[in-house]
Structure formats: C-alpha cells, structure tokens
Amino acid sequence: MNNWKEIAPVEAIPPLSARVVKSKDGDIAIFHAGDGNFYALDNRCPHKGGPLSEGIVHDCRVTCPLHNWVLDLRTGAATGADEGATRTFEVKVENGKVWLRA
Amino acid sequence: MSKERLAVIGNGMAGVRAVEELLRINPEKFAITIIGDEPHGNYNRILLSPVLAGENTIDDIMLNPPGWYEENGIELISGVAAARIDRAGRKVELADGRAAPYDRLIIATGSRPFILPVPGHDLEGVIGFRDIADVEAMLKAAREYRHAVVIGGGLLGLEAANGLMKNGMDVTVVHLMDTLMERQLDKTAGAMLRASLEERGMKFLMPAETTELVDDGEGRVKALRTKDGEEIPADLVVMAAGIQPNTALAREAGIHCERGIIVNDYMMTYDPRIYAVGECVQHRGVCYGLVAPLYEQARVLANHLGGRGWMSYEGSVTSTKLKVTGIDLFSAGDFLGRPGAEEIVMRDDKGGVYKKLVIQDNRLAGAVLYGDTVDGSWYFQLIREGADVSEIRNRLILGQAHLGDSGHGGDSAADMPDDFEICGCNGVTKGEIVRAITEQGLFTLEDVRAVTKASASCGSCTGLVEQILASTLGGDYSAAPSEKPLCGCTDYTHDQVRKAIRENGLKSIPDVMHFLEWRNPDGCAVCRPALNYYLLCAWPGEYEDARASRFVNERLHGNIQKDGTYSVVPRMWGGLTTPKELRAIADVVEKYDIPEMKVTGGQRIDLFGVKKEDLPAVWRDLNAAGMVSGHAYGKALRTVKTCAGANWCRMGTQDSTGLGVKLEKMTWGSWMPHKFKFGVSGCPRNCAEATIKDFGVVCVDSGYELHVGGNGGIKVRVTDLIARVATEDEVLEWAGAFIQLYREEARYGERTAPWIERVGLAFVKERLEDERRRKALHERFLFSQQFAQKDPWARLAGEHEEEFQPVAEIA
Ligand code: SRM
Ligand SMILES: Cc1cc2nc3c(=O)[nH]c(=O)nc-3n(C[C@H](O)[C@H](O)[C@H](O)COP(=O)(O)OP(=O)(O)OC[C@H]3O[C@@H](n4cnc5c(N)ncnc54)[C@H](O)[C@@H]3O)c2cc1C
Ligand code: SF4
Ligand code: FES
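Protein chains in written order, with our numbering: chain A, 231 to 332; chain B, 219 to 1029.
FYI, nobody ran anything at the bench for these hints, they're computed from the structure.
Just so it is clear, CB atoms sit at the ideal spot from N, CA and C, and this is done for glycine as well.
Mixed in with the good hints, there may be bad ones.
Unchecked claim - Now the stretches of chain A that chain B is said to cover, found in silico as 3 or more residues with beta-carbon under 8 angstroms:
#	segment
1	238-245
2	255-266
3	278-288
4	298-312
To be verified - Below 25 angstroms or equal to it, Euclidean Cα-Cα: the simulated DSS-like pairs (lysine-lysine) are:
#	chain 1	residue 1	chain 2	residue 2
5	B	Lys445	A	Lys252
6	B	Lys829	A	Lys278
7	B	Lys780	A	Lys254
8	A	Lys252	B	Lys809
9	A	Lys252	B	Lys780
Starting from the given sequences, assemble the full structure and let the hints guide the process.
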C-alpha cells in the first residue's frame, strides 16, 4: 500500500490528455496538465461518477464529460458553483517515467 | 529597454476602461500616466443618478481605488487639469506648470453639460449634472432651498429631477419640445411617462423656451423666465439640455475636430501618436453618450495600442433605460424608422404598458417599451444581430416567452416564483439565480452560467436567464458588453475569432490563442472544440485535428453513457440494411456481450453499453462487414432518414430511398457547427418527416422540393422551402452548397434552425440561388470531403488502439 509504482513512459500520456490505471480499488486517472505536470485522481466524478479521464483537460483542470463539472487536478475539488471533491494521488516523473503512489 | 510612455488625459469611464483592456492584453508595453482634473479615483458616472436619489453612496460607485493605480504601476495625477498638448515636444502641459511627456497619448476628456447662454447662466445656483461636485451641490441646495428647475426633459434631466424630488424639493422640468425624451421615445410613450411622473409630483413646463435666469440681488438665481413670459421660482437650476464633447485641448493642438474629435476605425486622431476615446470622440459622424459603445471603442483602442491591431470599431447601436426606480422604460435602435418602415404597436393605457417595434426590411430596427421592459434585452439582441424576424413577426410584440419554446412558454421570468425551476438540466431555480446575481455581483450570462450552471447544458433556458438578469439588474444590464464573447477565456466573439483565423492565416489552436491573447493558456472545454472546428473548416487538408480538444464522444467515436460505457451506431445508408449487416451486428452483440440493442429515431441500430476497451474490436468486426461509423455522436452529418418511395410505395413519385443514399454517401464524415440531419420523403405525405430536418427533400411529380432549417429537438421548427428543382444532381448540388454555407457561416454550436433565424432566409437564398456562388460552395464542400471521408473507426482501431486500454494495472 502507498508504494510508488512505475506506470508508463511520459510519452504514453500526451499533453492535455489522460490515461487510466486499473487498481483493485477502482480506476485512477493520470492527467498530463497544461502546466506540464502530471496529476492523478480517482476516476469518478464527485457528481455522478463520470469517468474524468475522458474529460477535456485545460490548465490544471478537467471538465467532466457527463455534466460539465470542472475539477481542479491539484486538489480534486470541484470549482465554480459545484461542491465536492474526488480523491487525489501523488504522481512524479523520474527518468522519463511516470510514477504513481497508490 | 525603457518602456514607451503612454499618457491619458481624463480619468473617466472610457479612458480608464481602455487602460484596463490594455493592461490585460499587454501589461508590459507602456509606462502609463493618467491625468484627471476631478479630485477622485475613477468612478461609475452612470450611478450618479441613484446617488442623488439616495439609493447609492459615493463610495458604492468607485470603480478603481487609488491602490489599483499603484498596483498596476500607473502614475495618477488627479485634481489637475491638462492645459495644453505640445505635439512637437510630445508632452502634455499641466495647469500647475508640470508636464507629462508621451510617446502615445489618449484623449478621453468626455463631455460637459451644455450651458444655455441665456442672461443669468453664470449665477450661483446654476449647475450641470455631470460629476460628483454637481451631485454634492444639488444635495446641498436641497437642504437649504425649496424650488428646483431642471432644464431639459431628456434622460439626464429626468433622472436629476427625480433625484431632487426624492430629496424633498419642488421640481419643475422645463423642456423645449412637446415630448419627453424625444431622442429615445415616441410621442405616445413620452406622454405615458409624463403622466406617471406627474403622478409622483413632478411638474412640467413644456414646450417652453428659457430666456432668462433672474438674479435674487445677491448673485444667486431666484427664478426662470420663458419666452412666453412665464416666470417660475428657482433656487436651483440644473441645466440638462445636452452635452458638448470636450474638444478644446485637441482643437488648440491643431487636431481635426468637428462636433467631437475625429477618429478613424482604430480610434486614432489626425495625429497618429494621439488616440481619442469616449464622449469626446466623433466616429463616422456620430458622438456617443452612453457607456456601452464607449467600452467597445476602448476595447478596439487597446487592441490597437497593445500591438494587436486587427480589431476595428464600426459604430454601435445603442439602447437606453431610464434609471428612475419604479418606472420601466427601454428604448433601442432607430425607433422612428426611415421611410418604408413598418410599426407594430401594443398599447394598454389602463395597464400602463406601451410597446412599439419598428421593422425595416424584415429586420427589427428599433424598439420602445414602456411599463413592461422584460423583453428589452431580447429585442436589443435582435436589433444588433440584424436577425430576420419575418417568421416570428406575428408573435414578436408578445415577447420572447411567447415564441413557443417547449416547456418554458407562457410566463415571463419576472412573474415566476422564486422556487420555479428555470434550468431543467441542472435544477437551478429562479431564486438561486437572483441570489447569485445580487450577492456575487454578476453582470453577464457567462457569469451566471459559471456560478449557477443555469443554461450551461442544453441552453434552452438562456432567454429566461437573460430576463432574470435584466429584471434583477435593471438599468445596469444595458451596460453589459453588447456582443457575447466566445467563452470566459476571451472577449472576442465567435465571428471575430473566425475572421481572425481566416484573415491572419492562423492554423493551430495555440496560434489562435496566442494571437488573440487568450486569458487561459490552454483555453477551456467551451472554446477548444469551437476553435478546432473553425480551423478545420477554414483549412481543410492543412489543419491537423486536435484530438485533445474534442469532446469525448467525438474523440472516441461513440456516445458516452451515464455508466462510462459507450454506444455504437453503424451507418445504415438511407436506412437500408442487408442480412449480412444484420448478421454482423448480431454477432458483435453476442461476441462482446453488449447489453442492449435499439432501433433509433434515425433509422439505424444502436448498440448500448460497449466497454471502452472493446470499442476497437467491435469496430473492426463491423468494418469487416462493410459498415462504418454512423457519427451518431458528433457535430457532424448524422442520419439521412428516407421513406419507401417510388420503388415500392403506391404513392411514391421519385426514388426517395436511392436519393437518400446518394445524399448520405456525399455528405457523411463532414464536421459541422452542430449536428445535421437529412430527410427524404417520396411524396408530400412526408413519411420521412423531411420538414423538420436540417435539409429536407420532398419528392413531387415534377421533381424535388428542397426545404432547410427544420428542427425536431428542443424547439420544434418547420423548414423553409428554398427551391424546387427537377433532377437528383441538382438536389445534390443544393444540398452540398447549403451545408458548406452553414459550415462557413454558422457559429459553433448553432444548428441550422437558429442560424437561419439569425441571418434570415433571404441571406441563404441569395447565396444559393446565384448559380456561380452555389457551384463554388458545392465545390468547396466536395474539396473538404476528400479529407473528411475516412472512416474514423478504421483509423482509430489502427493508429490509436492502445489508448483504449488502461495504461497500467496495479495491485
Ligand atoms: C439514440 C437516439 C435516441 C433513440 O434511441 O432513438 C438519440 C440519442 C441522443 N440524443 Fe437525440 N437521439 C436520437 C434521435 C434524435 C432525434 C430524432 C431524429 O433524428 O429524427 C431528435 C430530434 C430531431 C432533431 O435533431 O431535430 C433528437 C434530438 C436531440 C437533441 C436536440 C437537438 C436540438 O437541436 O434541439 C439533443 C441535444 C443536443 O444535440 O444538444 C440530442 C442528444 C442526444 C444524446 C446524444 C444525448 C447526449 O448528449 O448524450 C443521446 C445519446 C444517447 C446515446 O448514448 O446514444 N438529441 N435526437 C437517436 C439517435 C439517432 C441516430 O440514429 O443517430
Ligand atoms: C448622471 C448621469 C447618468 C448617466 N446615466 C447613464 C446610463 O444610465 N447609461 C449610460 O450608458 N450612460 C449614462 N451616462 C453617460 C456616461 O456616464 C458617459 O457616457 C460616460 O461617463 C462617458 O465616459 P468618458 O470617459 O467619455 O467621459 P467621462 O466619464 O466624463 O470622463 C472624462 C473625464 O475627463 C476629465 N477631463 C476633462 N477634461 C480634462 C482635462 N483637460 N484634464 C484632465 N481631465 C479632464 C473629466 O473631468 C472626466 O473626469 C450618464 C451620465 C451622467 C452624468
Ligand atoms: S430524449 Fe434523447 S437526450 Fe433525452 S434521454 Fe432520450 S435519448 Fe437521451
Ligand atoms: S458525473 Fe461529472 S459532472 Fe456529472
């Protein structure tokens, strides 16, 4: 538990996109954000469980594909009028590889 | 490198707005000095009227406190007037002997009240209504004296008179004309306004010409005399008989002025180092006296000074509201009309409601509303957009609520209870919207969308939200920007962005964002898909599609479902299918354990609940049986619905099924501003419902009737007949040309029905009836189809297959 795990080469997740990591506790979405950093969120929107990995990534945020909630990738929290947050995970990049702590 | 120096004369609304816009576009370019003769920061002059009426305080109306100037590195010289512009020496000489050097200069000196040159005009107690000092003088007079006279029955005069009355004074308005606010109202509305102001205790002397102000012997005014010899007591006289642009500085410096300072479409004066903006300006013969157009000017000026230089100012249509609490009055555009204009009038004397619409060439040219102004912003929108109103003409005067939006008809938003659900998609009530507007100080539709979500989904309640904005904000709403920006990342409208893409050869989303100074470095979920579309439409074959800027459905070529699975719809050309296709579909459903199959409203079969990981394999199997994507998910060509037609049907006049297949073969794969559907019916019984499709063909004995702009969705709209043709080839040519016109002209997210209502059927007809233009459009469509007609399923299953699988699995 809570170990760093190597996920994929950086190129597997191009800028402004996301990929899914399967885990026994459900899917985790890894985002390559506009600031060049990688972020990871539980792939379930706090609204109605929409798959966040399929949303449009802009800045450090993602717009959920189901009903357009906008979540902050850094905190997992909804922005604007909506309230709620999804779980975040730590991510780092080393030697061209993305690592996830989960 | 030292910065260029920018000096601004006038610390008022237009000058400071231009500086604000400039700071946004290019904060580093200039060292800025603002010179203002009023001893304050910058304030909202509009709200002087509510301050006078005791509804606001001076503190409430400050726009930029001193700290703002400091934070932005702006030198503010306040309480000192600019005395002379030295163009050769490139400096502004100040009244206190100092000087402010410049590389660029903005003159934003506004205007001053026109003081009638009658004997006694310089007596104590005779003032204008322009600034904080005037309001303070009026409030002081109200405490010490009883009789006030306001000269001028225009917007400003009535607001002054109302304020003075609220402060306990006995007020008479002396007006030269026989109609109040004759520049905004017609006689009827003017008379209704007069009656209701009289009811509140305001007195009127009109028509009457002031000839003299009488001295009380100690240098203060005591009475006013008119040409007819009437004399009324006056301890305070407010001159509100018009304004004069402050052009003196410019004139003395040799800059060309007429009534105002003459500027070109970039707000540049005769001296290219010197710009002018605001009420002091005369642009294409017009001097404006309202904030909205001045803010548009400020934006163009900043765009130019900031080094962009691609926006131009082309003049504005203005609208006015009277800010007298309890009186609803709105006017916009040309309400008198040129010769040949038609009028629609509704009048209810007892109910105190009067509405007049002026229509010219099937477009709304002007509107006057009294007593019920809920639809003001809607009419204003129609005027500005030049929308063709012939279709809605018979209901136009009843207002937007009577247009027949399903679900929302009937009431106007103002009459709805607070718990009324305005936005059905996001469950937002009227009360929540009103609270958000008042508590968070929202001004625009975009703000309300961002904060409450109302109208952020299907958009069918947009009109209601706008009504709520208008009724909650009252007078301030008209000050909101007049054209809606594409999204919160930019101030540019869809049309402006598109023009910039075409004219400046912008070929990628980052190029567009960079060129137009997007506020968010990589945009948002609203603008990115729109930009992607505009680029691929402008540069077919050259532009490379940005997958990350597509909504998930278009990226994964299926409709995302509530549980995160996808639906898959293969194309069935014109609704025709074969045992082989059906067998392949059945096999796929069993092989991948797809939970549900359904026949859609678009004559094909939908497979629901396909897992993302399975999509490429499902597609491959369907491809193998000769089927391609049906684009049931895209802003693209969707279905071509056909009926049995002449091949089988005893009533059929032409081969509607075969023609439908040809249409679908020609148009599939095309990306559009919104989804696009065809219907082809074999006879006027119209079993394919062609008259509620984007493009409908109704076969008749002599050929084909072509119909456009139908919609069976949120708001049903029946098509307009656009042509009758004799051959299938002609049908194909008209269809291709129509689609291309729509692709090039409509805004992203706008279906053919609202697009045609906005631009007018006449516009579409004119472009398509001219054979040369029609053929050119058709050619351009076929050209772009070369690149579009590649089955996305085949492509994705090849190139991007790994994307559909998890990137890793962890314990
Ligand atoms: C599958 C289908 C319902 C069915 O089972 O019959 C359907 C399903 C959806 N429709 Fe539809 N529409 C379907 C036929 C229609 C029709 C009937 C028709 O085409 O004859 C209409 C009215 C006709 C029209 O378009 O004018 C229709 C009007 C809408 C609208 C309102 C559009 C409008 O302009 O007002 C939306 C919302 C939108 O597009 O923004 C919509 C949106 C949707 C979406 C895409 C909702 C969404 O955004 O996710 C649904 C996707 C379901 C899914 O997961 O697959 N659907 N939809 C039909 C697919 C047809 C096809 O084969 O491609
Ligand atoms: C009471 C009132 C109510 C109004 N209500 C509305 C309304 O409801 N809706 C609407 O759209 N508009 C309204 N207006 C009009 C609106 O306020 C003006 O159109 C707008 O303020 C003009 O902006 P401006 O920058 O051109 O001029 P101003 O805001 O007047 O700014 C010009 C500034 O330059 C200063 N100045 C002039 N000469 C010099 C000099 N030589 N040196 C230094 N400084 C100088 C002036 O003192 C002033 O501060 C109202 C105006 C008034 C007075
Ligand atoms: S009407 Fe269309 S959008 Fe609404 S639930 Fe049915 S399929 Fe979905
Ligand atoms: S599930 Fe994400 S917005 Fe509704």
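Verification of the hints:
no.: 1; hint: 238-245; verdict: holds (count 5)
no.: 2; hint: 255-266; verdict: holds (count 3)
no.: 3; hint: 278-288; verdict: holds (count 9)
no.: 4; hint: 298-312; verdict: holds (count 5)
no.: 5; hint: B:Lys445 x A:Lys252; verdict: 90 angstroms, violated
no.: 6; hint: B:Lys829 x A:Lys278; verdict: 18 angstroms, holds
no.: 7; hint: B:Lys780 x A:Lys254; verdict: 22 angstroms, holds
no.: 8; hint: A:Lys252 x B:Lys809; verdict: 23 angstroms, holds
no.: 9; hint: A:Lys252 x B:Lys780; verdict: 20 angstroms, holds
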